[in-house]
Amino acid sequence: MRKLAFYTSWLLLYFVTSCGNSTNNNPAVRIRLAQDPESLHPINYANAYSLQLLNLIYQSLLTVNLKDHSAQPLLVEALPTVEVQDSLSYFRFKIRPEAKWDNGNPVTGLDVAFSLKVLQSPALENDRWRAQYHFIKDIKVDQQDPHSFTIICSGYAPEMRIMVGDFFVLPQYRFDPQNILTSFSLPFIRDRFDSLARTTTFKSFSNALQNPTLSRDTAGVKGSGPYKLISWSSGQHVLLQRKNNWWGDQVNPIPTPLIARPDQLLFQIIPDDAAATLALKAGQLDLMDNIPLVAYQEMKRDRDMKEKIQFFSPATYDLVFLGMNGASPVLEDKKTRRAIAHLFDIPQIIKTLQGGYATATIGVVHPTVNAFYHHQLQPIPYNTSKAVQLLKAAGWKKKPSGWTKHKGGREIKLALELIHRAGNSDFENMGLLLQQAARSIGVPISIGTLESSQISERLNQGNFQLYFRTLTTSPFSYNLLPLLHTSSAKEGGANVTHFGNKETDRLLERIAKTESPAEQGELLKQLQERMQEESNFVFLYFLQNKIAISKRIDSVVVSSIKPNYDLSKLIIKKE
Amino acid sequence: MDLKASLLPFKKGRYIPQTIWALLWQFAFFIIACLAYIFDEDSVTSNLQETYLPPFVSNAHVLGTDHLGRDVLSSLLLSCKTAWWLTFPPLLLANILGVSLGAAAATLGNHHLKCTIASLVRWFLFSFLVWYSWELQRQQLLSPLLSAEFSNYSFLLSLLVSWVLSYVLYKILLLLPLFRKKSTIPVDSCFQKISDLWSTLPKLLLIVLLSVFAAPSLASMVVWISLSYWVYPGRLTRTALLSLRQEPYIEAAIALGTPPLPLFRRHLWPTLKGSLLVNFCFTASGLLGVGATLSFLGIGLPSAVPSWGKMLSVARLSLEAWWLFAFPAVFLLLSVLSLQVIGSRLSFKRRD
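Sequence lines, in order, name chains S and C.
Taking this note's numbering, the leading residue of the first sequence gets 7, the next gets one more, and so forth.
Taking this note's numbering, the leading residue of the second sequence gets 68, the next gets one more, and so forth.
Since the hints were derived computationally from the structure, they do not count as laboratory data.
Just so it is clear, the structure is predicted and the values come from calculations on it, not from any experiment.
Backbone N, C-alpha and C fix where the C-beta goes; we use that ideal spot for every residue, glycine too.
Treat the hints with care, as some may be off.
[Said to hold, decoys possible] One side of the interface only, derived from the structure: several residues of chain S facing chain C at Cβ under 8 angstroms: (1) Gln354; (2) Gly429; (3) Asn430; (4) Asp432; (5) Gln441; (6) Gln442; (7) Thr455.
[To be verified] Take a look, some chain S residues computed to stay more than 10 angstroms from chain C by CB distance: (8) Gln78; (9) Thr87; (10) Glu131; (11) Pro193; (12) Asn296; (13) Phe327; (14) Ser431; (15) Ser452; (16) Glu509.
Kindly produce the complete structure, drawing on both the sequences and the hints.
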């Protein structure tokens, strides 16, 4: 019996040690995904993780240089030539002659035209694409050279230089083998959207386009990019492999955007942060981002981990803010909203809750964008006495039961509800701190944690008072009309806080139209002043990503552009 | 089962120390839960200057602080209140509900309850109106319709209106012959079918599902847990009563015309209470775990309510801050173990 116990113990020990550390010569770069991609359909993809994978499988005309944020040609030979005539602008492109689909056919302007038609067609639930690419009026493909084409846009704005080439080019032979869309022009599809939606042709095309093969099958998910889908086990992993004879290898000299080094990319789906951190520590992951603060700090302090892992914390354009419903009876006075803004000790929150890995801001512009950020405008400081003064100035009277005021013949009480997404520990912590600060001046705040869809529903209905959210801003565009214009404040519009007046509307319209960076900077600074004055938003901070990458990986490029790292440039060190 | 009687065998043997320790722990648990009302949740204040203080370093924070600088000892003690509220009141309610339904099923059977269709319609309408006005109240749609003086009593007003409306409808329906007709309600079959259905659902899942119907709060969790745990006491009661009914002394009591309530109190309850008490202890120990699991997952309780599960959820992010894991885990473990020990002791006593 003792012998049996002895051998069993050794056997167990053997299994435990053999499962422990898997820092091996794995040819794949192993990346943690926090969520299953759910769909790899290039039009109807589900989330940011799908987009990350799709960027390795499909290609757009242009891409962004992760270091300096400049536009770079990807599928095309060079940046487009631009010509503005009256109310139209013309962007001329030429696709690289080497660019080919997996079947050997060249990528041409006809594929680009097809892709634009799909984006505008009623074949898919594509409201967001229609809105985003509404400025593209038409496309003309050169009859002599199908690699050359011109995209015709209404008006001109500086951000069009990137947006006009920022969509996946789809292989027509795979998505529309019967050439159904060839007989329709882009303007025709745009103009007859509603009537076309009812035709049997488009209904059958819609069915074909929504075929699950195109969204998760290894035979269907194929683009012009350097990687192909090898396997996908839902909730477990997605494996991408570099194509053997990828067209990009034939371009000489090979431009930076076409560099794709790793042979395999294995995306491990681990939703739980703690489990993913353990996997990283055990050497089962090469790259993990959005690491919880405490785990990140502990790893950085750990001598063993420092030998195995390199740490990065690039700035992001993810802006965390508190929104206030300016249409709510208790919050319609801007002094009341300003009083709430005085209840956040932002420097302390950044120092403690974010460990310093965040950047305080006074508005929607990132503080590193010096030309547009209003550095003279001071953030609203934490000051409970000032908050009390402002509440009194707003007509609130302090009673034993709380702050009250008369409005429309009724007495209303200042009691607020804060909603935020369930499971977000940052929001939960900040909610508790706000609740505590508000309680110290006699304002009760109840906290409701809801699912994202429930929050969106309540925001759209205007059935809320305070909410926490993260807004992903863009360094390329400051067209804030959908978010802040008063015309977007109706039900279903994005201006849920009811920010704005005629003056801010004019500012927003001028910001969207102007081509001069100096003028845009001046206008954006004015907007930041007005936004702080109105206080419909309390801008807290821009997040920094916390990334850990194994030291067996070399040539790491991190950036403020999502996903904050460039997988295609990574090199696995030879041991 | 009185305490003195259950302690008697301890003098002879091995159960004395652990059972007494278990009882002492449960007593302390109860006292701490009561004391938590003296220093309420406001006493656990965040202080971002003092986050992650280890234990036995600061006199103000003997057991250290968490990621928001909250005192771990205060959180632990306040969490006792939450754990107690999520365990004993809902279980008591579940037992009352289960025993009532089980007794009704055993006593009324399938043929003894008769009522008019008008009565059925009346109670159905009343229940519907109460539920509907509760929903209106919850979504704050009722208050604007009433003046400020009445808005605080809006739910009571709606109860009164519901009762009057259902009563009026009842009186009108009674005028029609169809609704005056009496029909038999198969109480026992209904009880068995509902309890069968209820017991097929895992309790944790059932609570998670039910918690969708109301905003997170301690009170709503008490209700959802009560609604999830009534089945076993109900079945126990029904089975015990059905077997006891055959006993000669019960038949004699019924023949002598003993009213139902005294019959239950004097003759049925003494036999029933032992099984219920044992079940109560074991279920309570399980419920402590369920309560901690729910708050660990962030379900059912507002984020400001301290609980052991929430403390454990915070602890898993930091391996260095061992005190955030150790203290709530010990409290939870000891509370569960003590209830198990008491349950086992009571179970042995019943067999003896």
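Verification of the supplied hints:
Against a cut-off of 8 angstroms between C-beta atoms, the interface hint on Gln354(S) holds, since the closest Cβ of chain C lies about 5 angstroms away. Using the Cβ-Cβ criterion of 8 angstroms, the hint placing Gly429(S) at the interface with chain C is satisfied: the shortest such distance is roughly 6 angstroms. At its closest, the beta carbon of Asn430(S) sits 10 angstroms from a beta carbon of chain C; the interface hint therefore is violated under the 8 angstroms criterion. With a least beta-carbon distance of about 11 angstroms to chain C, the hint placing Asp432(S) at the interface is violated under the 8 angstroms criterion.
Below 8 angstroms, beta-carbon pairs count as interface contacts, and Gln441(S) has one with chain C at about 6 angstroms; its hint therefore holds. Checking Gln442(S) against chain C by beta carbon gives a least distance of about 6 angstroms; that is within 8 angstroms, so the hint holds. Annotation: interface hint on Thr455(S) holds; nearest CB of chain C at approximately 6 angstroms, less than 8 angstroms. Consistency note on Gln78(S): stated as away from chain C, and its beta-carbon is indeed over 10 angstroms from all of that chain's, at 39 angstroms minimum.
Every CB of chain C is more than 10 angstroms from the CB of Thr87(S) (nearest about 53 angstroms), matching its label as outside the interface. Glu131(S), annotated as away from the interface, keeps every beta carbon of chain C farther than 10 angstroms; the closest lies near 27 angstroms. Look at Pro193(S): its CB is around 47 angstroms from the nearest CB on chain C, clear of 10 angstroms, so calling it non-interface holds up. Chain C leaves Asn296(S) outside its interface by the beta-carbon criterion, the shortest separation being 13 angstroms against a cut-off of 10 angstroms.
Taking the minimum C-beta to C-beta distance to chain C, about 19 angstroms, the non-interface status of Phe327(S) holds against the 10 angstroms cut. Once the 10 angstroms rule is applied to beta carbons, Ser431(S) is inconsistent with being away from chain C; the minimum gap is 8 angstroms. Distance check on Ser452(S): its Cβ comes as close as 7 angstroms (rounded) to a Cβ of chain C, failing to clear the 10 angstroms threshold; non-interface status is violated. Listed as outside the interface, Glu509(S) is consistent with that label: its C-beta sits roughly 33 angstroms from the nearest C-beta of chain C, beyond the 10 angstroms cut-off.
Going through the hint list in order, the structure does not satisfy hints 3, 4, 14, 15.
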